[in-house]
Amino acid sequence: MILLISDLHLEAGRHDITRGFLDFLEQQAVKAKALYILGDFFEVWLGDDDMSPFAKQIAEALHALSQSGTRIFIMHGNRDFLIGEHFCREAGCTLLADPSLIELSGEKVLLMHGDSLCTEDTGYQRLRFCLRNPLSLWLLKHLPLCLRRSLARRLRKTSRHQTQVKAGNITDVTPDEVRRVMQANGVQTLIHGHTHRPATHVLQINHQPAQRIVLGDWDKQGWFLQLDQNGFVQHAFDLPVN
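Residue numbers for the sequence shown follow our numbering, beginning at 1 and rising by one.
Don't read these hints as lab results, they were simulated from the structure.
C-beta atoms are modelled at their ideal positions from N, C-alpha and C, and glycine is treated no differently.
Accuracy of the hints is not assured; some may be wrong.
[What the hints assert, rightly or not] Here are the computed distance ranges between Cβ atoms for each label pair:
id, residue 1, residue 2, range
1, Gln208, Arg154, 28 to 34 angstroms
2, Ala64, Leu104, 22 to 28 angstroms
3, Arg197, Leu155, 18 to 24 angstroms
4, Leu95, Arg149, 19 to 25 angstroms
5, Glu26, Met51, 21 to 27 angstroms
6, Leu151, Met51, 36 to 42 angstroms
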């Protein structure tokens, strides 16, 4: 069994999501061969030098899962792209490139966070390009932590405002970009998060049936995608009451 999740947006103030995630590790993930976390695992990650008690709790829970035999892979999202090798060592997980082409049940599958597919959101894509530039990443990681916190607050405030005023199609994936990426990677299955629109979309790639599976975000419910002998099935579950 393989499990995939994304967009938990973990933070110390959301005890329901934290408890739901820890329960998920103990009840579902411990039975899996592998767990893939496709970005925005944390609401914000300012660098591996900002290991709060909350972050250490999460890392310890992941490490315990890894020690039980479940392989853990984590991909950067737009909110936690500063996760580095130190956190991965503490958590017993492997950092996964975005995008990543892997094999699941004998089929090539493309994994992405999903934000790079939203090409109609040109303002966001410009910001993403700037922030993911290797020089920008180096500078961000070497800024004093207080400045990174201030920058993160400004970016989150701007992001919330822009999301409210943008049309829905702007913040969703661009169909032509989805087809381009799937064709370029030679896959019939793409799995991603980011858009908070859980669904399985059926399409045609190179005149063959294909699917784009969108993972659910953890807010009012928790979500995970399970791959077993029955194929891909997405599950929603209630989070514990605060």
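For each hint, the structure was consulted:
Range check, Gln208 to Arg154: Cβ separation about 45 angstroms, and the 28 to 34 angstroms hint is violated. Between Ala64 and Leu104 the Cβ separation comes to about 25 angstroms, which falls inside the hinted range of 22 to 28 angstroms. Distance hint check for Arg197 and Leu155: the Cβ-Cβ separation is about 23 angstroms, which falls inside the suggested range of 18 to 24 angstroms. In this structure the supplied range 19 to 25 angstroms holds for Leu95 paired with Arg149, their Cβ-Cβ distance being about 23 angstroms.
Separation of Glu26 from Met51 is about 22 angstroms and conforms to the stated range, judged on CB atoms against 21 to 27 angstroms. The hinted range of 36 to 42 angstroms is not satisfied by Leu151 and Met51, whose Cβ atoms lie roughly 19 angstroms apart.
Checked against the numbered hints above, the structure breaks hints 1 and 6 and satisfies the rest.
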